[in-house]
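Turn these sequences into a full structure, and let the hints guide you.
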Amino acid sequence: MNVTINVNGEDRVLDVTGHESLLSVLRNDLELPGTKDACEQGECGSCTVVFDGEAVCSCLVMAADADGSSVTTVEGVSADGELHPVQEAMLAKGAVQCGFCTPGIVVAGSHFLETNPHPSEPEIREALSGNICRCTGYGAILRAFETVTGEGS
Amino acid sequence: MDFIAAHDLDEALAAKAHQPDALLLAGGTDLMVEINLAHHRPSSVLSLRRVEELQELTAGRIGAGVTWARLERNGHRGLAQAARTVGSPQIRAAGTIGGNVATASPAGDGLPWIIAAEASIEVQSKERGIRTIPWNEFFVGVKRTSLAADEIITAVVVPEDVPIAQEFAKVGARNAMVISTVSCVVIRGDDGFRVALGSVATTPMRATRAEEMINAESTISDSVLDEFAHIVSEEVRPITDHRSTEGYRRHAAGVLARRLVERSLR
Ligand SMILES: Cc1cc2nc3c(=O)[nH]c(=O)nc-3n(C[C@H](O)[C@H](O)[C@H](O)COP(=O)(O)OP(=O)(O)OC[C@H]3O[C@@H](n4cnc5c(N)ncnc54)[C@H](O)[C@@H]3O)c2cc1C
Ligand code: FES
Ligand code: FES
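These protein sequence lines are chains A and B, in that order. FYI, in this note's numbering the residues of the first sequence are 1 to 153. FYI, in this note's numbering the residues of the second sequence are 1001 to 1266.
No wet-lab data here; the hints were simulated from the structure. Model, not experiment: these values are computed from the prediction. Check the hints yourself; a few may be wrong.
[Claimed, not checked] Taking beta-carbon pairs under 10 Å as the criterion, some of the chain A residues facing chain B (in silico):
#1 19
#2 48
#3 127
[What the hints assert, rightly or not] Simulated restraints on C-beta separations:
#4 B:1161 to A:15: 38 to 44 Å
#5 A:137 to B:1243: 24 to 30 Å
#6 B:1141 to A:15: 15 to 21 Å
#7 B:1179 to A:134: 16 to 22 Å
#8 A:31 to B:1052: 31 to 37 Å
#9 A:120 to B:1243: 27 to 33 Å
#10 A:97 to B:1215: 51 to 57 Å
#11 B:1218 to A:52: 49 to 55 Å
#12 A:117 to B:1243: 35 to 41 Å
#13 B:1142 to A:82: 50 to 56 Å
#14 B:1241 to A:52: 35 to 41 Å
Glycine residues also receive a C-beta, built at the ideal position from the N, C-alpha and C atoms.
So this is what it looks like as structure tokens:
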């Protein structure tokens, strides 16, 4: 079946035949490999995208069911080559090591800050609780978010 | 694969009547895991995401399509507390109460509240219209319910007089993203305490013996609570699996139930 998905502001038409996930079509058909694929079970958050206004795991969205929806991936978070403040802060605070979790954290975190621009530290932790990082121990990531929200330095 | 996106309830019921083997898809947080692991390759899928009628959320009626994220903000106290512990923000934004009820996992975090609130599950089919199934007739075994093949769960119907003193808690290996080792809901009303537990039997269960014991007491002293916790531990029917042991679950069930009774009195 033909499926139209607005991805990062552009309508993309795809032929979806099976049970593949939105994650799989983003990476394999639309050549947007920023969204990472690790567990395909909703556990790690590395595949997080904004789907019709909600940050969700794209591995748990059936591509066929995404027809008519709009999706923002990490490629769409930074507009016109300008990094998003979350991305800037993560660079500045050394919050990126292997980088595998980074796109998911950028998408989940920037989406969260849109609705809650001045969260407390526990709120930031909670907002990122669906994103697993095997490298940083989260400290640098939290410090990065605190600079964006004006809490840190 | 055949894919049908229903746009309203009539369309969904007609499609389900025509193809009873079509697998229903709501938030996908249970179903897509199965599909990605290739445990399931349904030949047809019927998506309910766009069905407006399933989105209703009032005190008396929780549409099957209501997400955990919405319940966390606007649900009855005990259910909102349960919603907050489900998965992660990503899972709560997608996962629905209808999916939780249909999956009927012994560990489903929405289920103890449903049986403590004595809510009913409303289901519909094109053929037979609406059936309202009482809480104690819906869950029949591990991941087994009394839903018929041509039916769709439309809502959880909550009695008007559900008491507001409600407490939920669960035990798991960590805080976020954890399947319950034991979960518990206590609701305190004029008629006494109701105690419901998850992950300690094939279905969510009420601790009826413990309820009878504590509701016969006029004051809730420490020794009453000790005995109450002891009866809860005895009465649950847990198993040992990869998440925990029978013995730990019995112990934790008693501790949780006691703690929630105390909280409900504050
Ligand atoms: C990482 C992760 C963490 C999780 N953590 C928790 C947790 O802490 N606690 C918990 O309880 N659960 C948890 N879950 C399980 C899951 O998120 C919940 O059970 C959720 O409520 C399922 O809802 P859904 O809308 O995503 O269902 P779906 O996956 O869309 O559907 C699940 C099942 O229900 C059926 N179904 C859906 N809607 C209807 C309907 N209206 N009528 C009839 N049948 C229907 C489907 O056919 C399918 O069989 C977790 C899942 C993941 C992936
Ligand atoms: S790949 Fe989707 S949550 Fe891990
Ligand atoms: S930086 Fe390696 S997983 Fe987070």
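A quick look at each hint next to the structure:
1. 19: holds, 5 Å
2. 48: This hint holds: residue 48 of chain A lies near chain B, its Cβ roughly 6 Å from the closest one there, short of 10 Å.
3. 127: holds, 6 Å
4. B:1161 to A:15: 38 to 44 Å: Distance hint for residue 1161 of chain B, residue 15 of chain A is violated at roughly 54 Å.
5. A:137 to B:1243: 24 to 30 Å: holds, 26 Å
6. B:1141 to A:15: 15 to 21 Å: Given range 15 to 21 Å: violated, Cβ gap about 40 Å.
7. B:1179 to A:134: 16 to 22 Å: At 21 Å between Cβs, range holds.
8. A:31 to B:1052: 31 to 37 Å: 35 Å Cβ-Cβ, so the 31 to 37 Å window holds.
9. A:120 to B:1243: 27 to 33 Å: holds, 31 Å
10. A:97 to B:1215: 51 to 57 Å: holds, 56 Å
11. B:1218 to A:52: 49 to 55 Å: holds, 54 Å
12. A:117 to B:1243: 35 to 41 Å: Distance hint for residue 117 of chain A, residue 1243 of chain B holds at roughly 38 Å.
13. B:1142 to A:82: 50 to 56 Å: holds, 52 Å
14. B:1241 to A:52: 35 to 41 Å: Between residue 1241 of chain B and residue 52 of chain A, where Cβ atoms are some 37 Å apart, the hint holds.
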